[in-house]
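Peer 1: Chains S and R supply the protein sequences, listed in that same order. If you're matching positions, the first sequence starts at 1 in my numbering and goes up one per residue. If you're matching positions, the second sequence starts at 1001 in my numbering and goes up one per residue.
Hint data in this document are derived by calculation from the structure and do not stem from the laboratory. The C-beta atom is built at its ideal place from N, Cα and C for all residues, glycine as well. Don't take every hint at face value.
Covered, in the sense of this in silico footprint (three residues per stretch, anywhere, with C-beta under 8 Å from a C-beta of chain R), are these stretches of chain S [stated by the list, open to error]:
1. 12-18
2. 56-68
3. 232-242
4. 245-253
5. 269-280
Incomplete in silico selection of chain S near chain R, CB under 7 Å [to be verified]:
6. D9
7. V80
8. G81
9. T95
10. P256
Just the calculated beta-carbon pair ranges, DEER-fashion [said to hold, decoys possible]:
11. E164(S) x R1097(R): 45 to 51 Å
12. R267(S) x R1005(R): 53 to 59 Å
13. D1117(R) x N68(S): 41 to 47 Å
14. D1246(R) x R152(S): 47 to 53 Å
15. P1114(R) x A137(S): 44 to 50 Å
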Amino acid sequence: MTTPIPLFDPMVPAFARISRVDRELPDVFTWHLAAPSGAGFSFAPGQFNMLYAFGAGEVPISISGDPNRPEELVHTIRAVGAVTRAMQGLRKGDTIGVRGPFGSAWPLAEARDQDLLFVAGGLGVAPLRPAILHALAARSLYRRVIVLAGFRSPADFIFRKELERWRSRFDVTVEVTVDRADTSFRGTVAVVPALIAEVELDPAATVALLCGPEVMMRFAVRELERRGVPHERIHVSMERSMKCGVGFCGHCQYGPTFVCKDGPVYRFDRIERLFYVREI
Amino acid sequence: MVHPRPDINASVLLLRDGLASLLQHLRDDGYLVVGPTVRDGAIVHDQLRGIEDLPVGVGDEQAPGRYRLRRRADQALFGYAVGPQSHKREFFPPSIRLFQLRRGAGGPVLTPEPPIDRKLALIGVRSCELQAIAVQDRVFVGGHHVDADYASRRRGVFVVAVNCGEPSGTCFCASMGTGPRASGGFDLALTELLSGGPHRFVVEVGSAAGADLLARVEHAPASEADHAAASAVTAAATANMGRHMDTRDIKSLFYANQEHPRWAQVAERCLGCTNCTLVCPTCFCSTTVDTTDLAGATATRERRWDSCFTLDHSYVHGGSVRPSLRARYRQWLTHKLASWIDQYGTSGCVGCGRCITWCPVGIDITEEAAALRADVPVA
Ligand SMILES: Cc1cc2nc3c(=O)[nH]c(=O)nc-3n(C[C@H](O)[C@H](O)[C@H](O)COP(=O)(O)OP(=O)(O)OC[C@H]3O[C@@H](n4cnc5c(N)ncnc54)[C@H](O)[C@@H]3O)c2cc1C
Ligand code: SF4
Ligand code: SF4
Ligand code: FES
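From just these sequences and the hints, can you work out the full model?
Peer 2: So, in structure tokens, the structure goes:
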């Protein structure tokens, strides 16, 4: 076999220094990293990096920063387990291993001259943020821009100030809802879909980008179907276990696809067969 | 002594001594010569000092959940089917270090792993194994990203294949189109002839390197009778396959039957022990393991074999995606026989039969696939 040994080993990280930490919530923080190479870090909205904390481990984390500012790499992380908790303990000046960017992107080029509908649940707003920032910076490329975001409670808002800033613009529709399970007659998961039910839509000219817990996306897809948005106009970002990010480790398999390279962003009609199969 | 250099694709005849000398030349050329040998009641792969390290006169018996060596009546060197180890451990070892780190004044200092620099010669590689190597090549070096460690281990390997004469009770390469005769991917391919003359080998030349080596070893032209005898060996193997897999429309069969009751039925027998995935020559799943020294000054990252039968394999925060054995068994079989085709353009199964032999409860992949075809599931 004659495959040359690559000069670049995709399993070896580069190191980047944390230049700023924003505390979003008690368990959610945003890192600003100086790009690992001086050339900047270019990525497409929707992609992720594998972030490695010294000795603790490595996890996939979406890029939540502005694609027009490649000099800075931004990640928003919820501390949920061993690795992300170790990450929460890091401070400005600490270094972090970075491999990436990996995975598919939101179809922003194809969505030109269309209505862009962003549907986010909880931390799902982080992977959508680069796409929203792009759409706002290149506002004339799109028709309507609609952001629908749902959080568990008012205490769980992330990017609150930014959402308010966007809402104050006249060329963007922003609807935010909280899931008050005790008073909501629709139950806990119907909240973001309820926003879809009410928003003004042109289904044949809408591109819907969904990110959040799978159960939330399931209800959102159902509501989009009900509103007449065709499946090929719906895009979802999936999450699976990931140990490599580059198609080697097998962990992220989702049916015949690999979430790390065919996803995380999928056109819904291409995974519809898998989407409703339990434990696949 | 000078011997004519055979042409590529030509076949010549080698006696037992010629094979011994061939191995010696490989060793003299600095190759690490690895091939089958007997250890702990099984045929494993290890370094060979000469042909006497091969399993001389040893055969095997394989059945679901059963593997036994037996003494043969002859002195065959390759008179057995595949053992528990495949050659995947040569290129995708059970555990490797990815890198080491130490805390430096200006941040972590990374020591990458040096590329593997060795000359490896594999002896006695079966057709199913060659196909399995080709399958793993697609995974590790055939895509957008190239696995640096795999590429360095895989480079410059000299392959002496063996065409199978006696498949085991669990073999089904013939129905997978992956054997018993090696169709490519070798430098030399042997067919062992045990009757109708002296103990001899018909050797097919697959590469210039193979031809060069043969030019240094005493050999003779292969006669018409030798060619016929060699063809009869693999024809007999085809006729004696222990098992059969019906691969017609197999992808749609699996995709259409993700909720078939057979999955729950097999899950009652499956122990989730991971044996099938570890012995399988194509399974490529791995996980990473991070360790630090007590002071936290150095860190090491390793890659280890993993299996979709573990709960951890699909673990995301909050739990496993596939908590039930039913779902994990379904992932294994669906990946091997169906989704692999979408991913890499070939089946993930080469019909080596290892997963059947080494399953402690004797679950048979061919039987499970056949059960999906049956309209009425076996109760
Ligand atoms: C494409 C993608 C994008 C993502 N983007 C973001 C994002 O932007 N922000 C964010 O906060 N999260 C994101 N996530 C989720 C994030 O990767 C997980 O929350 C993170 O991996 C959790 O790691 P942890 O070690 O802290 O937590 P854990 O849940 O404790 O563990 C995660 C890993 O550790 C292993 N593990 C867990 N328990 C054990 C055990 N008992 N024994 C051995 N191993 C164990 C598992 O194999 C698992 O893979 C994303 C995930 C994906 C796939
Ligand atoms: S699935 Fe079983 S028979 Fe097929 S290649 Fe793997 S171990 Fe061999
Ligand atoms: S069958 Fe399981 S262990 Fe083997 S490659 Fe597929 S997912 Fe990995
Ligand atoms: S994360 Fe390893 S294959 Fe996708």
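Peer 1: Next, verify each hint and record whether it holds.
Peer 2: Here is what the structure says about each hint:
Only residues whose beta carbon comes within less than 8 Å of a beta carbon in chain R count, and the region 12-18 of chain S has 4; three or more means the coverage holds. With a threshold of 8 Å between beta carbons, the proposed coverage of the region 56-68 of chain S by chain R holds, since 3 of its residues qualify and at least three are required. Evaluation of the coverage hint for the region 232-242 of chain S: fulfilled, as 3 residues show C-beta separations to chain R shorter than 8 Å, against a requirement of three. Counting residues of the region 245-253 of chain S whose beta-carbon sits less than 8 Å from any beta-carbon of chain R gives 7, enough to reach three: the coverage restraint holds.
Counting residues of the region 269-280 of chain S whose beta-carbon sits less than 8 Å from any beta-carbon of chain R gives 5, enough to reach three: the coverage restraint holds. Look at D9(S): its Cβ gets to within about 4 Å of chain R, closer than 7 Å, so that hint holds up. Interface restraint check: V80(S) against chain R, minimum CB-CB distance 4 Å, threshold 7 Å, status holds. Taking 7 Å as the C-beta cut-off, the interface hint given for G81(S) holds, the closest approach to chain R being about 6 Å.
Using the Cβ-Cβ criterion of 7 Å, the hint placing T95(S) at the interface with chain R is satisfied: the shortest such distance is roughly 4 Å. About 4 Å separates the beta-carbon of P256(S) from the nearest beta-carbon of chain R, less than 7 Å, and the hint is met. For E164(S) and R1097(R), the Cβ-Cβ distance of about 49 Å falls inside the hinted range of 45 to 51 Å, so the restraint holds. Between R267(S) and R1005(R) the Cβ separation comes to about 56 Å, which falls inside the hinted range of 53 to 59 Å.
Separation of D1117(R) from N68(S) is about 45 Å and conforms to the stated range, judged on CB atoms against 41 to 47 Å. In this structure, D1246(R) and R152(S) meet the distance hint of 47 to 53 Å, their C-beta atoms being roughly 51 Å apart. Look at P1114(R) against A137(S): about 45 Å separates their beta carbons, and that is inside 44 to 50 Å.
Figure legend: structure checked against the earlier numbered hints; every hint is met.
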